[in-house]
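Student: Each chain, written out:
Protein chains: 2
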Amino acid sequence: MECIPGVTDLKRVRDIIAPYIHKTPVHSSRALDTICGCSLFFKCEQFQKVGAFKFRGATHAVMTLDKKEALKGVATHSSGNHAQALALAARNRGITAHIVMPQNAPKVKVEAVVSYGGIITFCQPTLPDREATLQKVRKQTGAVEIHPYNDYRIIAGQASAAAEFYDDVPDLDCLIAPVGGGGLLSGSILSTKYFSKHTKVYGAEPDQANDAWQSFKQKKLIPVEKALTIADGLRTSLGSLTFPIIADGAEDILCVQEATIIRAMMLIWERMKLIVEPSAAVPLAAVLEHPAVFAGKRAGIILSGGNVDLMNLPWLDPQHFGKH
Amino acid sequence: MECIPGVTDLKRVRDIIAPYIHKTPVHSSRALDTICGCSLFFKCEQFQKVGAFKFRGATHAVMTLDKKEALKGVATHSSGNHAQALALAARNRGITAHIVMPQNAPKVKVEAVVSYGGIITFCQPTLPDREATLQKVRKQTGAVEIHPYNDYRIIAGQASAAAEFYDDVPDLDCLIAPVGGGGLLSGSILSTKYFSKHTKVYGAEPDQANDAWQSFKQKKLIPVEKALTIADGLRTSLGSLTFPIIADGAEDILCVQEATIIRAMMLIWERMKLIVEPSAAVPLAAVLEHPAVFAGKRAGIILSGGNVDLMNLPWLDPQHFGKH
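Taken in sequence, the protein lines are chains A and B.
Per the numbering used here, the very first residue in the first sequence carries number 22; after that it's consecutive.
Per the numbering used here, the very first residue in the second sequence carries number 22; after that it's consecutive.
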């Protein structure tokens, strides 16, 4: 894909990935509606394969490689869900996934990549070393790089989550997606443009990693410097392909505090009995911090993933105690 | 209901409770199927209102009271999900629920009863004091006692979970329900008898509260003496109404160790992204401890509830550390 995916692309993507992905359910909660003063619908991508929406984009990218490219495998650097997603997508096509991961990646995510057959190369936890290591791996193997978000094949794959959402809940006033690199948000914007024109799309972002907000407000790409948020999936910066789509199509980017992310995560666990990772709780945190924006509205939230380390829950971490 | 519910009763129950309950979804997990060597289907009663199947029986009992009885309200003693269930069912009918709870009941369960409008009377955490306090409350108020399980209206209500399950997954070789007082298990046996005759029904019970197993094997009701299991919903003993149905209709009662309950609970949380309470993990623990019984079979598991205290998770409790 050489340019921004159009309506035909987005429809074709759904056919391509359908045999591999789960069509995830939508949940709601009267208790949360009461707390928030609006009607909330939650698209449960934590029930997606590998436990996150990332499997959509990775599957689309891997399944559309031509045969010759595919033979040499795929490669990426990721400490998170994209790593697992690419490993499983590659296994589904019968090719190798080379994953560059920082040495300090959560154990649960390392084990998951291994369980999906991914070949891991560890590196220093710095962006320069991640990129250098990835280039080394690519040189050695000839594998095709699949970037976690700055790739139209990935964006088009992630777009399928919002498209499915609109199938199930056709009259949403707004849709809120978390924003890290912007793959899910930009994909959601494209699906909204073609399948639910009247819906306003919001990005939800931690204060501690507010590059999308800064970029959106200043109308130029401003990378994040230091992202200390517990929402580990959202520590990355927008890319050159995701930013223009977001700048053009997002209604707004809403920023939230760390304590609100933890509170939102606990609400989803306690009230909805759904396991979500901190990043997935950021849109609900946005509703809690910006109630006026959503008052009385029908708002869709994409719960982006559920991969958490059950031994290290944020509300049990002394670092966060007393802050929520 | 004066005698064991028949097929007409069970069908009528579903109509009576339909406006109030959630029809809960069935989930499955390829990862767990691989681990267990069978095909597992999980009926998600943690997504039921109040977070547990108990709302089915309580709703049926409350909605079938005659007007005059209902006016004085309902009463029960319960430290668990039945308390919340009865409180919400009563609120739905516009009557009062009087709930006798031990002083040491988990805070999260006390708060839930209050949030559903239940009137709490605290008592000592002993069965004699619970019963004495309940009789005092009944005398003062004239409220009708709704026992958590030893009541055919409750049994018939709980039966609806298995009946729905068979609607969605019609060809189960076996069904596994946790067993405490036996309301869910006896109800499941009745639904199986009428709606899925060829399915074998198993009870799953903690070793630490194995009164159902003892009673089943010795063919007489043997109450539990000391139930120290973390599966707090299963600490009670079978009742005079649930025991005969179980003795007659269960294929077997399978006992499990505490460490296996914790392991099963973690597997459901990590692999399925579902929040379940320890009691709800006991059937999967039975599959893990008795793999030969289920090898190659299609087995249905009722995930009975999801009310846990997120600040006190069993795998983070030093008391349980190193045991799993």
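Keep in mind the hints are simulated off the structure, nothing from the lab.
Since we're looking at a predicted model, the values are computed, not measured.
Heads up, a few of these hints could be off.
A pair holds if it fits inside one copy or across any two, identical chains being indistinguishable in the list.
Pairs of lysine to any residue, SDA-like flavour, derived with a Cα cap of 25 Å [said to hold, decoys possible]: (1) Lys221 to Trp336; (2) Lys157 to Arg319; (3) Lys128 to Leu334; (4) Lys160 to Leu309; (5) Lys44 to Arg319; (6) Lys318 to His43; (7) Lys160 to Lys214; (8) Lys89 to Ser49.
Student: Hints first: check each against the structure and report whether it holds.
Tutor: Here is how each hint holds up against the structure:
Proximity of Lys221 to Trp336 under the C-alpha cut-off of 25 Å is found in neither arrangement, the shortest distances being 32 Å within a copy and 42 Å between copies. For the homomeric pair Lys157 and Arg319, neither the shortest alpha-carbon distance inside one copy (48 Å) nor that between copies (47 Å) is at most 25 Å. Taking the shortest alpha-carbon separations for Lys128 and Leu334, both the intra-copy value of 14 Å and the inter-copy value of 20 Å come in at or below 25 Å. For a Cα distance limit of 25 Å, the shortest separation of Lys160 from Leu309 qualifies neither inside one copy, at 47 Å, nor across copies, at 45 Å.
Taking the shortest Cα distances, Lys44 and Arg319 sit within 25 Å of each other both inside one copy (21 Å) and across copies (23 Å). Proximity of Lys318 and His43 under a CA criterion of 25 Å is satisfied inter-copy only: 23 Å between copies versus 28 Å inside one chain copy. When the C-alpha separation of Lys160 and Lys214 is checked against a cutoff of 25 Å, the pair qualifies neither within a copy, at 39 Å, nor between copies, at 64 Å. When the C-alpha separation of Lys89 and Ser49 is checked against a cutoff of 25 Å, the pair qualifies neither within a copy, at 45 Å, nor between copies, at 36 Å.
The structure fails hints 1, 2, 4, 7, 8 (numbered hints given earlier, in ascending order).
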